[in-house]
Amino acid sequence: MTSPRIPLRIANQKAYVWNVEDIANLRSNHRICGLFTGTLPHLSQQNVFLGVPMVLLPEEVVLLVENDAVVLVDDPKAHIQPSLDQLKHWASEDKQSALLQITQAASASKDAPPLSEEAARKRKEREAKKAAKARQAASNDIMAPEQEEPPPSSQLDGLYTVLIPATTSSHEWYNDSACGYTTLAEAKAAGIWSYPSDLHERAKCGVFRGLWEQGMYIGIGIKFGGDYLVYPGDPLRYHAHFSASVLMSPTAQLTPMEIVAHGRLGTVTKKAHLLCGWDDAKKEVSYLTIEWAGFG
Amino acid sequence: MQRHPSYKVLQPVVTKYPRAAGCLFQTYNDIVYGQSRFFRPDDYETEALSAQGWTDVQVLELEGLSRAAISGKKPKMDATLYVVPCSLAETLSFGWLQDAFTQLSDPPEIFLAITSDDASIVYYKLSRGIVKPQL
Amino acid sequence: MDDSLEQPDAKPPVVNVNTDAHEEGGDDSDDDGDVVLDWTKLVTARPVIPRRGEKEFEPQPGGGSGLQVHVLDRARNAMFDAIRATRTISSKVVSYTMWHPQISRAHVVLARGTHYNTLGHSVPRPIQTDDGIQKTQKRLELLPEEALYLIERGSAFCWKETDLDVTEVDGAEPVLGAPMSVHQAYTEMIGSQDLTLERYQVYAYLKRLGYVVTRTTPPNPEYPIPPPFDLSPLNKKIMPIWDRIRAFCPSWITRLFVGQFDWWRPLRLSKWSFSGRNYSTMFDGLRFLRSGHSIPLLVPKTAPAIGLPTRSSPYHIFFNVHKPATSYRKTSPCPPDYQIVVVNARTTPMPSLRELTELFDVSPELPPPLPRQRRPGKATFQPGPVAPPPSWTKRLQDWLRNKPPKYVPPPRKPHPFMVMKSGKKTVIVAVVDAGNIGFFRFGQGAFEEMPLV
Amino acid sequence: MTSLLQPSGRKRPVANKAAGRRGDNNRIYANPLPLTFLYPLPSPVRSVLGLLGLNLAKIDTPQIHGLFDHATRSVWITDRAQSLILWRRGFFGKGDLSRSEPSWLNRQVNARRAAAENRLTAEELTAKRRAERKQFKLDRARAIAQVAAQAEALFESEGRVVIPALSGPNIPSAATWKPTPQDSSTLPQQIPSEDEEPFPDDVEHLQLTLPEAFFLLWNLDCLVVEDSDANQLLSIQDIWIAFQMAYLSQPFSGPLTLTPRLELDNPFIVNYLVYHHYRSLGWVVRGGIKFCVDYMLYKRGPVFNHAEFSVVVCPVYEDPADEAASTTNLHHAAPFSWSWLSTINRVNTQVFKTLVLAYVTIPAHSRVPEQVLHSPACLQYYSIREVTVRRFIPARMRD
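First to last, the sequence lines map onto chains A, B, C and D.
Residue numbering for the first sequence is 1 to 296, as defined by this note's numbering.
Residue numbering for the second sequence is 1001 to 1135, as defined by this note's numbering.
Residue numbering for the third sequence is 2001 to 2453, as defined by this note's numbering.
Residue numbering for the fourth sequence is 3001 to 3399, as defined by this note's numbering.
If you are wondering where the hints come from, they were derived from the structure by calculation, not from laboratory data.
Every value quoted in this text rests on a predicted model; they were computed, and no experiment measured them.
Honestly, I wouldn't trust all of these hints.
Pairs of lysine-lysine residues, derived as DSS-like cross-links and limited to a Cα-Cα distance of at most 25 Å, are as follows [what the hints assert, rightly or not]:
1. Lys1125/B / Lys3134/D
2. Lys1125/B / Lys3299/D
3. Lys3134/D / Lys2413/C
4. Lys1132/B / Lys2138/C
5. Lys1074/B / Lys3017/D
6. Lys1074/B / Lys3128/D
7. Lys2160/C / Lys77/A
8. Lys3058/D / Lys270/A
9. Lys2011/C / Lys1125/B
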């Protein structure tokens, strides 16, 4: 059974995934973790937890394309200008939703116990202060304050929630049917994806695939002295067993100091180091595991 | 080096592979004198008498790598260990390391001894394939 | 006895936090990729960021035991739920912006919130009034990274400029163009006005920590930039009298007295010299090699040989960064606290010496680092009520009672090792590997100015 | 963690004992260079003369005999007393069978005495501790597996979710784990008494790297070098050439009179510049292979402090064409990948050392002919500058 291909949105030679179901599918069914890079809307003051978009490593993209799991979408092309009708349709739905919110809020506040006079006054003051502050902030340091331009005052009186949509794929004016590519050659010809373009990148793709085919999960390893971190299971639950570095050919130079450094860092971080040797002629990876000998 | 007691044992390989003489000499001495005590290279029947003494120390020529390796056993261990010396100043490759395994008839692991001109030596264990670390 | 840390399995000692010497040793725990991210803790409004140590070693054969699979599913679902969170904002506080792709700017149509204290700049643009008259008017515009950041964090709604006549479209708010999603903003804004994904990732990373981040090179003439740095050396050393005389004399005269430097006998330990009979002068005599960044880096006279690529350096300072606490004035910014170069780790190696030198050349010399604050309990300064200066009579009384004057501790000098580590000038490079960001700082070392003997 | 696994019988030295050792060290290692000063006059007269700017101290220069060993590219000091001078006055060289000062023979003697008394030597203690550590790891793994199995059973039978941890009350940690009492078989076997085994000859020497040796003989004139092949003392001119030849990319095996083509990027010269630079500033400079760098810088020496800085030598060609044409095997001439910089920086910050990149510029061939390499005067065409590397952590630099 072939499941439908997951669309990867390609822009500026980077692959993004915006849809959470697609992200879940990639992780659970393809062992592809990518990297969250977007600000989480309500946790926007920290860098530990991030959210959509998920950006994929180029090696992940290549693996997924070769496994016939994804389609590469030329994302700028898929974004088309909406027609006036589409826009009107969208706007009226938007307005309906706002109106609904306002009526719901009104009926809810009727049920709620009325605010005491004092509380209502305080609240009003607070809101006025806030508004003044915001106005000042906005006009601060600007020669020509925005007020001169007629501000687009809200047509609706009352509070409602504005939604800033995460992804466009639900819009009527997004059409990826004519700009999806299912092979690397097609995507390259279309000018949206060029990885891998040389021996080094081919080696990285080959090694990535090699590790992935062993059933591993793979993350970025630059901070652990390699190209990848290699996990025995989902990184959410398991520590990496290895850091891995790619050697692009059997004759690529390797200094003894690199073995010392990898071995030493591995000992410290409780991981072994994998040297992954790519043979481009045979399209094969071989591995050597480095650990400190424990003597000397 | 010629006046050193180890020279007697190493002379054939040292003269054959002069470029690798330094690292081989240093590694051999470390294994024979540094790692184990009361153990003389010309006295093979003397059992290892201390916790770390190596036994059955042998010098094995690795023609393809223009050097020799050293094999031996650590006490209370049946496995023969293979030590391949190299100098810090050399440049190796993945293929070089694989050749070391092949030329030693594919032991599961080899120990790379890396020597520096200040007489320091470090050992790192290389295993073929993906060998997960111990918990 | 030797460095006890030289064995790979050595455990570094617990650092004494009071020493100045080690400021960042060992602790890389904050952002290193192999930390536990327990998304299940995110459900509360104030998430507790759990520390490491709650992962397991490996799954049971066959993808995990029943319990392992259960726990993993729970962790994954918590993560998927968290990233599903929508960007919603009250209609009273949302800002409206309008993206103009041709000029790579977003015009702030309605500014709300304090973000605009530090974001955006004012640009005069031609407008057409209702009477059909052309005039210019200043308006607040955002660079692509600023616009994208506000959209992404759910603070601004963005329209995209369109050629449709949208005046008739009836929405909750006046519709000014096509509504943009975060997705579309990523696709369109990155790649415009020199904004790469890597640069945006670094920008957003710093913004999330509260920094003020602006461009170093103005993208348009109206973009306000701080005054240039004073690039002169900090402490011009007063030359000792001997050196001044020597500098004044032609070299052949000094040679007459001091003698030609004998490269076969660099340290002249002759019987007849009367001074220099201690280690200090001996070491001084050994310092005859050319060292330090003041020596010009020579460029070969000949043109680079054919076949050698002449690549243009990716090492340009891109962002000016102000600490969150700076009282930042947008129209006349003060000099930044940090300047940052952003590179893609996959395509760019670390800077060469030449590239570093070029970056140092445009960076200001920094004063030596302040000594570390002592830990609370020892010498914390309490900003309590300041006592009025003692009266004249009080001072006389104290004197008569033979009280020593109040001890004022001398200002703490920075540890020389701290000074050596930070160097005279600093260049910060943000290194991005597919979204994984690391920051390195390179210090212009000056060990030659601080001999130990 | 290691200290907790030490046998309980071994107590940490008392504070004043440590202070006493420091005092001893200050005395033993008082001289930062092998040269010492002899004061012929009593000190009051000296201070009067000192006021007049006169210092009549006589310099006492030891004469140390070294053997240039081509194969190991090093100079050997075989005389024990001479080795001690170099080690104690400035920490030059390293015992080839020891981690620092030549102590092989002492260790042999100690080991025998210990064996006779059925004690453990320091090395055996280390071995024992390592064995214990291994046992600890096995015990811990077993305990973790047990906890996991229990959690699994709970989940299967009651549907309760208990996440098995990697640490906890039921899992031994380094602090709680105790070795099981040793049976005698793991102790070293009885060693034949001394009259059965001839007392070993000292096979150890103090090994100087070529930059160390050249620093001593060129600047301080306290070392003479004999060529181990030719069995004759070398002149300083010969040594200067011979040390370069030891690093030539194409091995040269002719007589010294036929000088080969020398190279401006010779690793000996590049390393010597860095070694001399930091020595002249008063640092004790030692090899850094264990920390995956070229040199470690100690403030006073390894017996006093940990090394403060780790130095990577980075040669820089003035003319890129020279680099392209070079056959010399110089590591680190090209800028590192970020992954490599990150690796060595991480290894070193983990042990509280700051990484220093020491750049050595190599003069352009078009500007400086190779003939200058026949004398150390060529060193004036090179320059050294350093760049320190540290991580920058924005979350910690906000105020």
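Hints versus structure:
no.: 1; hint: Lys1125/B / Lys3134/D; in the structure: 17 Å, holds
no.: 2; hint: Lys1125/B / Lys3299/D; in the structure: 33 Å, violated
no.: 3; hint: Lys3134/D / Lys2413/C; in the structure: 47 Å, violated
no.: 4; hint: Lys1132/B / Lys2138/C; in the structure: 64 Å, violated
no.: 5; hint: Lys1074/B / Lys3017/D; in the structure: 37 Å, violated
no.: 6; hint: Lys1074/B / Lys3128/D; in the structure: 14 Å, holds
no.: 7; hint: Lys2160/C / Lys77/A; in the structure: 15 Å, holds
no.: 8; hint: Lys3058/D / Lys270/A; in the structure: 56 Å, violated
no.: 9; hint: Lys2011/C / Lys1125/B; in the structure: 21 Å, holds
Figure legend: structure checked against the earlier numbered hints; hints not met, in rising order: 2, 3, 4, 5, 8.
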